[in-house]
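Assemble chain B onto chain A, guided by the hints.
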Amino acid sequence: MNRRKTKPFSADFWVKAFAYFLIAFLAIACLYPLIMVLSVSFSDNTAVTKYGYSAIPQDFSTDTYLYLFVHSGTRILRSYAVTICITIIGTILSMIITSMISFALSIRALKYRNQIAYICNFTIIFSAGLIPWYYVCTNWYHLTDSYAGLILPTVFSVWSMFLMRTYFDAVPQSLYESAKIDGASYMKIYVSIAIPLCKTAMLTVGLMYALGYWNDWWNALMFINDRDKFPLQYFLYNILSNVNAISSGRVPSGAAANIKLPSETVKMAVTMITIGPIIFLYPFIQKYFVDGIMTGAVKE
Amino acid sequence: MRKEFKKNRELYLMCVPALLVLLAFAYIPMAGIWMAFTKYNIKDGIFGSEFVGLQNFKYFFTSSTGMGPKVIKNTLVINFWGLIFGTILPITIAICFNEVRGKIFKKVTQSAMFFPYFLSWVVVGAIVYAFFSTDTGMVNRMLASGGHDIVRWYAEKKYWKPIIITADVWKWAGYNSIIYMAAMTNFDASLYDAASVDGANRFQQILHITLPLIKPTVVVLSLMSIGRIFFGDFGMIYGIVGNNSLLYEEVAVIDTYVYSAMRSLGFSYTTAIGLFQSVMGLILVTLSNKLAKKVNEGEGLF
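Same order as they appear, the protein sequences are chains A and B. Residue numbers are given in my numbering: position 131 of the first sequence equals residue 131, and the series is strictly consecutive. Plus 300 on top of the position in the second sequence (first one is 1) and you've got my numbering.
If you're looking for bench data, these hints aren't it; they were derived computationally from the structure. Only true hints are included.
Simulated pairs of lysine-lysine, DSS-like, Cα-Cα distance not exceeding 30 Å:
{"no.": "1", "chain 1": "B", "residue 1": "K407", "chain 2": "A", "residue 2": "K16"}
{"no.": "2", "chain 1": "B", "residue 1": "K358", "chain 2": "B", "residue 2": "K370"}
{"no.": "3", "chain 1": "B", "residue 1": "K458", "chain 2": "B", "residue 2": "K370"}
{"no.": "4", "chain 1": "A", "residue 1": "K111", "chain 2": "B", "residue 2": "K590"}
{"no.": "5", "chain 1": "A", "residue 1": "K50", "chain 2": "B", "residue 2": "K458"}
{"no.": "6", "chain 1": "B", "residue 1": "K303", "chain 2": "A", "residue 2": "K188"}
{"no.": "7", "chain 1": "B", "residue 1": "K373", "chain 2": "B", "residue 2": "K339"}
{"no.": "8", "chain 1": "B", "residue 1": "K403", "chain 2": "A", "residue 2": "K7"}
{"no.": "9", "chain 1": "B", "residue 1": "K307", "chain 2": "A", "residue 2": "K111"}
{"no.": "10", "chain 1": "B", "residue 1": "K370", "chain 2": "B", "residue 2": "K461"}
{"no.": "11", "chain 1": "A", "residue 1": "K180", "chain 2": "B", "residue 2": "K303"}
{"no.": "12", "chain 1": "A", "residue 1": "K16", "chain 2": "B", "residue 2": "K403"}
{"no.": "13", "chain 1": "B", "residue 1": "K461", "chain 2": "B", "residue 2": "K373"}
{"no.": "14", "chain 1": "B", "residue 1": "K406", "chain 2": "A", "residue 2": "K7"}
{"no.": "15", "chain 1": "B", "residue 1": "K306", "chain 2": "A", "residue 2": "K188"}
Excised from the complex, chain A in its bound form:
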């Protein structure tokens, strides 16, 4: 690409100016809401009720967080623990299941690999729909109010398998063949050759799964009624949907008086707590996601 100096007020100049403006504008549009959430969570509740939301903390205070973590009992800590456990156990299980089948399907000597891949692909283009799925999950597998219900239904993603196969497919088969001649089993090849060679891939797909579990509330909405088993996202969802019901005027004011509404700062603090770990890890994990998307995109 050419890198000549751009003359002021030429066509090139306007293109450049537009590009800088648009990108800066959109970056702010993506960050501003988060800054607002953060600042409200560190504000004093009476000030927020009086002056509304803003991007600068009003009467800076950490009371809300103190209240949530120290004085409000164990509910939020419990939800936190549920989310962390689900994310760790779920991701490990998902990775084992996904990497094994991706590895197996990347071996050219496997005669029925296309048929197996087709069995997987078909679930993407056709599904039974929500109700039959819900029916078997609750009536046959009894996932209601069980932690398994938060993991198993989403434990294997065919899309993630696609992505991982792209990486495994890039490993030269001759490496496997020579190990095979030396008498190694496929299990050994998988553990000591394929996985070490695809470390980045494992990390990328693993992080994608982890994000999925962390952000999941669909499974909880479907299966969990017991408040003690709410993951963090579903905890937040419940707070917000109570608030929605009242601010839409749907709930009669008499009834509304009996429901103790979480304060504005609590809502935003819970939001912050929910995304906190993502924010802290973001600088380190971002590049793996970009890598994953690019690998997926190039294949398309």
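Here is chain B on its own, set in the frame of chain A:
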């Protein structure tokens, strides 16, 4: 066949856990599709309940509440505008990224734009609330300080399609722009050099080189979205408006309608809706895959 299984037994065993998950959560539920053609009741079970043919489907399209056609329309409208803006904006971002310099500026802005992808719809719902809540929301405060009347957003359904489409585009713009940037890194730089020697300015280069080159990617991604145009984003709708009955009619998509009608209108009726959706999906995905192969030199979507 037996010899093959014996020889590669280990590899087939490695496929078993994944296949079991698909069996349990994708294939076995397919048996439940039968409910769509019956009048399901708990006592007689899925296969013992009375067979009613296509009655459930008929009810979906012709019932007096008109909810069926309404939710189909909502799904298509939200997905259509999501597709249009969700394509134009990321391409514009990707092109603009090619024009700006400065490593830190690029890194910071890209990180910022990619971040919404990491948020769950519930968190996006909290952000939407921060903007639109009646008493404390940003927007009403701005309206009030400008001397305008405030709006009870969560009770006014007409605003919510645009709000939801905006949230959708906002969440995915950074992610999708990365896909287009990935496509653009493969473009032949000598084309641009030749064009600039010929005196084409940057705008003409974008118009006559970048856009035509990026067309196949756009077509493939759009076809993928069109294949799923009958599927609403349950998480998006539920995360942002929950089960708010005042906004329901305007933003209910097929998926949320199925969920909320599950208890009130029964399993058979809602299974029928899901089946209609899946069949439409199957038809559209197959068609778009065929089309994609045409524009993409034999490479289908999968």
